[in-house]
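> Given next are the chains, with one letter for each unit.
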Amino acid sequence: MAPGMGGSPPGRRRPGDFVPQRNEEPAGELDLEKLEQQSRDMMELHMLNRDNAEFRENSGGFLDLSYNGRVYEDVQVVRMFPFSRPDEYLSVRESGDQAAEIGVIENLPRDFDGPGEEAVRHQLALRYFLPAIRKIYNVRQEMGCVYFDVETDYGRCQFAFRSNSNAVTRISESRVMIQDLDNNCFEIPDIRKLTAGEQKKLDVYLT
Amino acid sequence: MNLKFQLTEEQLHNIGISQEDIWYCVPYDLSEKGVFVRDSYVVVTAEELFVTADSRVRRRIKLAGCQVQCRTLVNNGLLALRQESGRWETLVRFSMKHLVRFSYLARGAQMLAEGRMEKVESLEYEPVCPVCGRVLFGTRECSYCSGHGRFSYRLWVLCRPYIKSFVLLILLMLAGSLSSLIDPKVQQQFIDGALVNRSGGTPQILWFVLVMLGLTILNILLSVASKWYSTWLGSTIAADLRRRLFYKLQTLSLSYIEDRKPGELMNRISQDTNSVRRFMEMAFSTSVTQFMTMAAAIVYMCIINWKFALCAVVFAPIGFFVATRAMEFVGNLFRRWFRANDRLNSRLQDVLSGISVVKTYGREKQEADIFADMSDDYTKQVIHRDTCLDILFPTVVYIIGMGTYLLVYTGGIQVLNGVMTPGVLMQLLTYAGMIYRPLQQLASFPRQWSEVRISVERMYDILDVENEDSACRGTEKPELTGQVDFSHVYFGYKSYEPVLNNVNLSVKPGEMIGLVGASGTGKTTLINLLMGLYKVDSGKLLLDGTDINDIDGEYLHGQVGVVLQETFLFNGTIRENISFARPDATLEEIVMAARMANAHDFICRLQNGYDTYIGDRGYTLSGGERQRIAIARAVLNKPRILILDEATSNLDTESEFLIQKALERLQKNCTTFAIAHRLSTLRDADRLVVIHDHEIAEVGSHEELMKQKGIYYGLVTAQLEMSAVET
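Protein chains in written order, with the numbering used here: chain A, 4 to 210; chain B, 52 to 778.
Rather than coming from a laboratory, the hints here were simulated on the basis of the structure.
A few of these clues could be false.
The list that follows gives simulated cross-link-like pairs (lysine-lysine, DSSO-like), each with its CA atoms no further than 27 Å apart [as the list claims (entries may be wrong)]:
#1 A:Lys196 - B:Lys84
#2 B:Lys528 - B:Lys431
#3 B:Lys758 - A:Lys37
Predicted model only: the values in this text are computed from it and were never measured.
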């Protein structure tokens with residue numbers, strides 16, 4: 004089933020639906036060979052670049068990929084190292100739950116350019132939502148909960164987390180992540196750029 | 052959870068519908084570029100879907116023939132839609148705040164698009180109070196909005212059964228403070244009557260010493276009695292709370308418990324009840340006594356001379372002001388220290404439990420360095436905290452006590468002028484001391500008060516949870532024959548991540564069903580539903596025609612036998628473990644059950660037979676032996692429905708065969724659901740159900756499915772070829 008719910012009922016699938024394509028082939032005699040192929044594939048990285056692959060944004064706002072003479076519709080782009088290497092080692096996968104990897108973009112700005120790079124970037128922006136906190140207006144603690152009112156690069160917002168949880172974590176010396184009760188994530192790219200007062204408000208909850 | 056937000060008249064007018072037409076109305080909070088937006092909704096009516104932004108309609112789509120999906124991305128989600136013969140497109144984006152709502156909306160809209168006029172309802176609670184915006188922890192009612200008196204009401208409910216004891220305790224305390232108030236009066240009479248004008252003789256001094264001695268003994272007795280009594284009261288109330296919490300936790304649904312860290316729940320039972328005990332013992336008893344003494348002392352001083360009373364307390368407000376202002380600062384000091392402590396401990400635990408890994412990779416030096424850094428940080432926090440506290444509290448105490456100087460100065464002048472006797476001045480100074488001591492203590496009272504307040508909140512957080520979010524809370528006890536019907540069952544542990552989609556299956560009594568499919572497709576989830584551990588999100592699960600939600604939980608579990616892959620055995624003897632579900636089983640029944648599970652022989656070989664004690668998680672037994680005991684435990688219950696989740700995976704083929712034969716005999720009377728990756732285990736199943744992509748893909752007997760050459764056929768040939776390769 005697709006990574007969501009309310010999808011197609013059984014028997015009403017159409018090509019391009021969010022179903023791994025290899026599942027549509029009748030499973031059967033070739034299985035062992037297929038497994039061996041799969042185990043061989045596990046040891047190989049297919050590097051995608053402007054010479055062998057072309058990304059295009061389709062009319063629905065999702066991403067299509069032509070690679071090795073095949074067109075993959077609605078592919079997903081997944082960051083392998085979302086924090087440390089956001090533009091490198093991007094895994095391009097078929098759509099669906101147990102989607103297979105088509106290939107890897109080792110370095111997006113180096114290996115792609117123009118509309119292709121744009122389309123991939125747009126897809127990444129859609130998939131990864133991580134507002135960066137620019138300013139902390141107010142922090143209020145009440146009955147085991149901490150309420151933040153902040154300005155992010157995507158606008159002002161309010162969120163809350165439990166005061167006794169590990170909601171605020173340091174992922175490097177200066178970079179801090181906050182996860183709220185709804186599982187939204189916020190980033191503070193450089194905690195040293197906040198004012199002393201703001202840092203102090205945050206410091207209490209920092210693990 | 053609310054799936055139908057109220058729109059304003061203007062918004063309704065712009066869409067051109069009335070509130071009654073709305074099936075679902077859910078807000079979204081991100082624009083296409085990810086900027087936070089407000090007042091934007093997705094509205095679903097019986098036939099159409101609208102996307103509004105700033106009360107204007109942006110999109111209008113006819114639902115019929117569409118497909119609607121809620122897709123979970125990283126820290127956000129999107130609603131995707133595909134019109135007939137079109138492509139998937141993004142309708143709106145939203146943060147995780149609205150993800151759950153949209154997953155319900157997508158399911159509801161999809162049903163409407165297929166022409167099923169059923170309404171999806173969410174049983175989940177709102178995470179945030181819709182009125183005041185405060186976070187709700189698994190409760191339906193906002194403890195803030197339901198009234199400020201809520202906490203005192205809870206405290207009252209907590210103490211009500213002990214009201215007599217409280218009255219007695221307060222009387223004891225009152226007597227204690229009265230006896231300490233008499234002291235200065237006696238002193239004054241002694242000084243002014245016997246010492247100052249040298250009128251008294253030895254008898255007066257002796258008499259005074261005796262009275263003082265008597266008063267002191269009375270004082271000690273009273274204070275010991277009230278201390279002991281408040282300790283008893285605090286411990287009793289805490290024990291009562293612990294018992295209630297533990298009972299409540301046992302009755303709560305698994306989903307509630309799994310949502311929380313085990314440590315958190317343990318803390319609530321052990322630490323929070325303890326903080327109530329501490330409060331009752333320390334804060335309550337001392338504070339009440341001190342407060343009463345203080346009040347009485349002030350009254351007494353006022354009677355003697357109100358101006359002096361004023362002198363004594365004039366600096367107290369300043370001291371209190373400083374203390375309350377410092378409260379937040381002190382709280383943060385403690386919080387930082389707690390965090391450093393947590394970090395240190397969890398690192399320690401982490402490394403110690405993984406010490407073999409550390410050693411095999413030769414990382415001792417690095418780990419030691421990291422630990423040293425953390426330890427330094429901890430030390431710094433402790434020093435910082437203690438330095439601050441050591442400066443702050445004496446300062447506050449000093450400020451409050453400054454009234455003494457005023458008192459000595461004005462009182463001294465009055466004594467010199469002959470307006471006041473030295474004895475009265477002495478008495479006043481002693482009373483002033485009586486005021487300061489409690490005042491200093493009261494300065495720490497708010498902290499203790501807020502601590503117990505939070506603890507009570509946290510405990511009631513559990514006690515207040517309504518049990519209805521778990522299945523089988525009913526009272527019906529239907530005669531079960533083993534008939535099981537799944538009808539349009541949808542389920543996900545998180546409502547936005549479906550694990551089972553539209554499961555329809557009817558099982559006859561006595562049938563053996565083999566569940567087949569890749570890992571993570573929902574086989575175990577299906578049997579979890581059957582055991583009544585979770586409630587289905589939508590659709591119905593019927594046992595002999597009765598909705599599983601209406602069946603009495605204890606009754607149901609008495610009819611279902613379960614053997615899971617991960618066999619959990621309790622600390623105790625083998626006999627106790629086998630008879631866990633039915634402690635009243637006879638020895639013969641226990642032995643028969645063990646024989647059926649092929650466990651009898653190995654148990655007999657043990658020195659202590661059935662009385663062998665098995666330690667933590669049955670540690671001393673092998674995997675196969677544990678599994679056999681678990682099977683015996685399930686069989687003993689004479690279940691109507693038997694669930695085997697990889698129940699024989701740890702056994703050799705021979706034992707598996709023997710157990711299967713024994714189970715076959717048992718299965719004549721009960722419906723069996725078996726999960727196994729080793730497909731040969733399921734060859735005797737009446738029907739095999741293949742679960743694929745969270746849906747039932749194939750149903751039929753082994754022969755039928757082999758002919759069908761579908762997924763099952765693929766799995767079987769793959770396993771056969773694999774074993775051919777191995778041999």
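> Give a verdict on every hint.
Hints, verified against the model:
| no. | hint | in the structure |
| --- | --- | --- |
| 1 | A:Lys196 - B:Lys84 | 25 Å, holds |
| 2 | B:Lys528 - B:Lys431 | 62 Å, violated |
| 3 | B:Lys758 - A:Lys37 | 21 Å, holds |
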